[in-house]
Amino acid sequence: MNRSSKRVSAWLLVLLLACLCAPAMAQTFAKGADVSWIDQQESSGRVFRNASGATTDFFSLLKGTGVNAIRLRVWVNPQGGWNDGADTLNMAKRAKAQGMRIMIDFHYSDSWADPGKQTKPAAWSNHDFATLVKDVYSHTNGILSYLKSNGIDVSWVQVGNEINSGMLWPDGKTPNFGNLAQLINSGYNASKSVYPNAKVIVHLANGHDNATFRWFFDSLKSAGGKWDVVGMSHYPSPNAWQSANTQIASNMQDMVARYGSDVIVSEVGMDWQQAATTRAMLADLLSKTRALGSRGLGVFYWEPDAYPGWQGYTMGAVDNNGKLTQALSAFN
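Residue numbers in the sequence shown follow the numbering used here, run continuously in steps of one, and reach 948 at the last position.
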């Protein structure tokens with residue numbers, strides 16, 4: 617083979633490798649959805665339909681919109697079993713069947729945990745702090761090991777949910793960042809013990825509020841807390857989403873610059889009846905997150921499967937017949 621032929625062959629090889637790698641590279645940005653209500657809704661008789669009205673698996677519908685990642689919350693001993701380990705595994709298997717990556721969101725509670733309530737699981741309620749640290753490790757390691765032994769890979773682990781005011785109150789309540797850092801580190805270490813390559817997220821509400829994020833992560837860093845990714849929730853008003861998106865984008869940029877952290881929008885949502893506005897908001901948020909390059913890991917829409925008014929929630933992305941609105945078409 618002469619020199620010219622070798623050069624052509626080399627370029628062809630480069631082009632072939634680029635083509636092969638392109639799909640994998642495109643998948644690195646998470647276009648996600650938290651669908652932790654899906655099993656419970658289906659158990660109650662809710663069904664989901666494609667554009668023609670035919671009953672269709674919701675994970676398949678999501679894949680059709682471009683969703684490539686799923687977020688699932690875990691509660692310790694929930695009433696009815698929803699969002700326990702077995703329920704989480706069932707949903708994770710459905711996500712895996714569609715080729716989706718998975719985020720596990722530990723609440724460290726038997727029910728909802730958010731800035732207004734971080735209630736200890738009943739089984740841990742009388743434990744001293746040293747035991748709570750062990751509880752966090754055991755629960756995190758146990759759930760993740762259970763998933764892994766059943767063939768599930770986990771890309772991200774969220775240690776606590778919207779923990780602006782700490783977790784496992786009162787022991788881990790802010791401003792006691794010494795205790796909170798130990799609890800977070802216990803979850804961090806447990807996550808890495810099962811999935812060494814998983815990225816661990818510390819997640820706060822109100823992603824537009826840079827002052828709170830600086831206060832929290834400055835304090836956590838000073839206390840020796842560990843994290844890989846700063847997670848944010850974002851629920852803008854339909855009438856003011858442009859300014860809210862500008863604020864969260866600025867906050868994400870600051871988290872990258874200040875801490876060298878990756879960032880991810882763990883939750884986003886807006887009124888299901890304003891689907892066109894939601895689509896515009898989501899498209900803009902995706903663009904702003906992608907603009908961070910490799911530091912912007914993705915965006916997860918919270919409970920698009922929620923039928924209007926399900927458990928009082930009105931920011932899903934399906935109508936009363938179980939058909940997707942246009943909101944998630946921003947992912948495509």
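Hints should not be assumed to be uniformly reliable.
[To be verified] Computed cross-link-like contacts, DSS-like style, restricted to lysine-lysine with a CA-CA straight-line distance of at most 27 angstroms: (1) Lys712 with Lys789; (2) Lys842 with Lys939; (3) Lys842 with Lys679; (4) Lys764 with Lys837; (5) Lys750 with Lys815; (6) Lys679 with Lys709; (7) Lys709 with Lys789; (8) Lys764 with Lys733; (9) Lys750 with Lys764; (10) Lys733 with Lys842; (11) Lys712 with Lys679; (12) Lys709 with Lys837; (13) Lys712 with Lys750; (14) Lys679 with Lys750; (15) Lys789 with Lys842; (16) Lys733 with Lys679; (17) Lys679 with Lys815; (18) Lys750 with Lys939; (19) Lys815 with Lys904; (20) Lys764 with Lys808; (21) Lys837 with Lys679; (22) Lys712 with Lys764; (23) Lys733 with Lys837.
Hints in this document: simulated from the structure, not taken from any laboratory.
Earlier hints that do not hold, by number: Hints 1, 2, 3, 4, 7, 8, 12, 13, 14, 16, 18, 21 not satisfied by this model.
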